[in-house]
Amino acid sequence: MIEIKDLHKSYKMGSNSLHVLKGINFSVDKGELVAIMGSSGSGKSTLLNILGMLDVADTGDYTLDGVPIKDMNETKAAQYRNKFLGFVFQSFNLINYKSAMENVALPLYYQRMPRKERQEKALKYLDQVGLKEWATHLPSELSGGQKQRVAIARAMAAEPKVLLADEPTGALDSTTSYEVMDLIQKINDEGNTILVVTHEEDIAHMCKRIVHLKDGVIVEDKKVKQVRASAYV
Amino acid sequence: MFDIERWQEIFDTIRKNKLRTFLTGLSVASGIFILVILLGFGQGMQNGISAEFEEDASTSVWVWPGTTAKGYKGLNPGRRIQLRNENYEHTATLFGDDIEYKSPRIFVNNVSVNYGNEALVYFVQGVSYQFQQIENATMSEGRFINYNDEVGTAKVAVIGNKIKKDVFKDVETPLGEFIDISGIPFKIIGFFGEQEDREEERIYIPITTAQKVFNGGDRVSNLAYTLPPVENFDQAAAQAIQFKNELQTYLKQVHTVAPEDTSGIFVWSAMEEAKRFYGLTGNIKFFFWFVGVCTIIAGVVGVSNIMLIVVKERTREIGVRKALGAKPWSIVGMILHEAIFVTTISGFTGLIFSMGLLELVGPHIEVDYILNPSVNFRVALSTVFVLIFAGAFAGFFPAWRASRVQVIEALRDE
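Protein sequence lines correspond, in order, to chains U and E. Throughout the first sequence, residue numbering follows the numbering used here, covering 1 to 233 in sequence. Throughout the second sequence, residue numbering follows the numbering used here, covering 1001 to 1414 in sequence.
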């Protein structure tokens, strides 16, 4: 599903150049649930941004579902993001003046799906994350865990090939964190490919594979026995 | 533009951001409102001033003799010019058709006026029967001097309403009463009203009587004319100026006044004065335009400010939309679409309110020099479009920059 070869990325900070990614080789198959771990400054967020086509690499190849991601203009990148990728962020990033359902329906709007269909589909996904009754509520009326579930529903609504989650539990207490991980595991069980960036060991162990990043290189890449989050809920 | 989905998205955004929308709209609407009101009053002032001149015989031309300032053809400077009956009669035949009404006037000085035992200190003037039209005097009672009075040197007097109020307030029927001028009884045949009180403090008697009885001989103090009305103001002004110049040339000639001497003969044309006032109203109008345009510029600046804030406030939202697959141009389109929609609606609201106010209040305004303020609809409409265009233009740059934001940075924006 994801193929990365010799990926380099550096940022210019004034006269200094900061080499963040120093040759990443990495591949993910369909249906995997991968945790990317590392301390801050290890380059995990940069990697996720490149994977999410929110940033471009200096050198190296990136192939997503057989499509080489290279020399893309903004419009093309936007199209690919919409079709291939779903995002879940640490700070939820729901649009605060839109109801839960409208938030979930937003990626479908950019797919030019008619309003009625959009709303039906959004409701379906809200139902899957168990928030159908909250469809008309604004994000400000939801708890943190509920917000993240809405965000996950939104990411899934476009039926992406890969779900990218950047510290999805970073702003949640442990109980809610496990609830969210339980949801991510369930989505993974249905055959979806998911990448989770985290720095929490227990969250990482709820994935099937852990990739350790340090100073811009992969230092460890191991399969782990998945801990089911439902055991904690 | 006709993408129904886009419209729904815009309406959603507007409905859920009422304050922001309201503030943008308010700055646009008030800009248009102020501009239209200003333009309306500029027009109102112009209307008012022209109306003011229409009320008084606006085409009147007056001749006043003076004292020569220059020697000419062997005559010394400092010579007093005296107008005579023949000057008046000659101009009457010379300009014939160019004149609508005409009258000479003589000031009867050094006479005592009495009513019974009461001494009246008012001016006595000898005038011709057409003087009423020249002064635009309206008769409140009785009649003005007529042709027969003039030919028959009748001893009749026409008196201003102010005098009537002051002197005859206790007399039941003052009409037909007699006043003594230098011991000679004059019968009161009418009372007249004028625009100004000062002009109601006069006693008019026939000019022939004034000349015969009070040793006037054939001397005349003033000549007064009105010109026939012409539809077009510029034409009327040109006509008046031409008449004035010809009259002046003739009078200077017969009184041997140097052509370049400005103090020998004065000819004053109301029309020429009016033209000067028109020039002034033109300047006032220009000033109002200037203020109005500044208001519009302030409105545009306001709109672009709000656009900047809107974009700043929505940076995170724009980042989210981009992460979810919004193309750069759809971001620009969304922001501009909303801005143009809001400016259009509020621009027209301001237009309708201000035009409505002018329509409703305008005709009832009763202030000197302001009459029926109104505005050219097409001018007002174009200013609305200018504002919409300028608002869109001003909003484009922040919108475009917003569409370029790096998603990661936008999402970090707290």
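Derived by calculation from the structure, the hints in this document are not laboratory data. Note that the structure is a prediction, hence the values are computed from the model and not measured. Beta carbons: idealized from backbone N, C-alpha and C, even for Gly. Worth double-checking, as some hints may not be accurate.
Said to hold, decoys possible - For the chain E half of the interface with chain U, some residues (derived, Cβ under 8 Å), not all of them:
| hint | residue |
| --- | --- |
| 1 | N1017 |
| 2 | K1018 |
| 3 | A1258 |
| 4 | V1301 |
| 5 | I1309 |
| 6 | K1312 |
| 7 | E1313 |
| 8 | T1315 |
| 9 | R1316 |
| 10 | E1317 |
| 11 | K1322 |
| 12 | G1325 |
| 13 | A1326 |
| 14 | P1328 |
| 15 | L1411 |
What the hints assert, rightly or not - Once the Cα atoms are required to be at most 30 Å apart in a straight line, the calculated DSS-like pairs of lysine-lysine come out as:
| hint | chain 1 | residue 1 | chain 2 | residue 2 |
| --- | --- | --- | --- | --- |
| 16 | E | K1244 | E | K1070 |
| 17 | U | K116 | E | K1016 |
| 18 | E | K1070 | U | K83 |
Going down the list of hints, with the structure as the test:
1. N1017: Check passed: Cβ of N1017(E) comes within 6 Å of chain U, closer than 8 Å.
2. K1018: Violated. Min distance 10 Å.
3. A1258: Nearest chain U Cβ about 85 Å off; hint violated.
4. V1301: At about 27 Å, which exceeds the 8 Å cut-off, the nearest Cβ of chain U leaves the hint on V1301(E) violated.
5. I1309: This hint is violated: I1309(E) lies away from chain U, its Cβ roughly 16 Å from the closest one there, beyond 8 Å.
6. K1312: Interface hint status for K1312(E): violated (15 Å vs cutoff 8 Å).
7. E1313: Constraint on E1313(E) not satisfied, violated at 11 Å.
8. T1315: violated, 12 Å
9. R1316: holds, 7 Å
10. E1317: This hint holds: E1317(E) lies near chain U, its Cβ roughly 5 Å from the closest one there, short of 8 Å.
11. K1322: holds, 7 Å
12. G1325: Holds, because the Cβ-Cβ distance from G1325(E) to chain U comes to roughly 2 Å (cut-off 8 Å).
13. A1326: holds, 5 Å
14. P1328: holds, 5 Å
15. L1411: Because about 6 Å separates L1411(E) from the closest Cβ in chain U, which is inside the 8 Å limit, the hint holds.
16. K1244(E) <-> K1070(E): holds, 21 Å
17. K116(U) <-> K1016(E): holds, 20 Å
18. K1070(E) <-> K83(U): Violated, because 99 Å separates the two Cα atoms, which is more than 30 Å.
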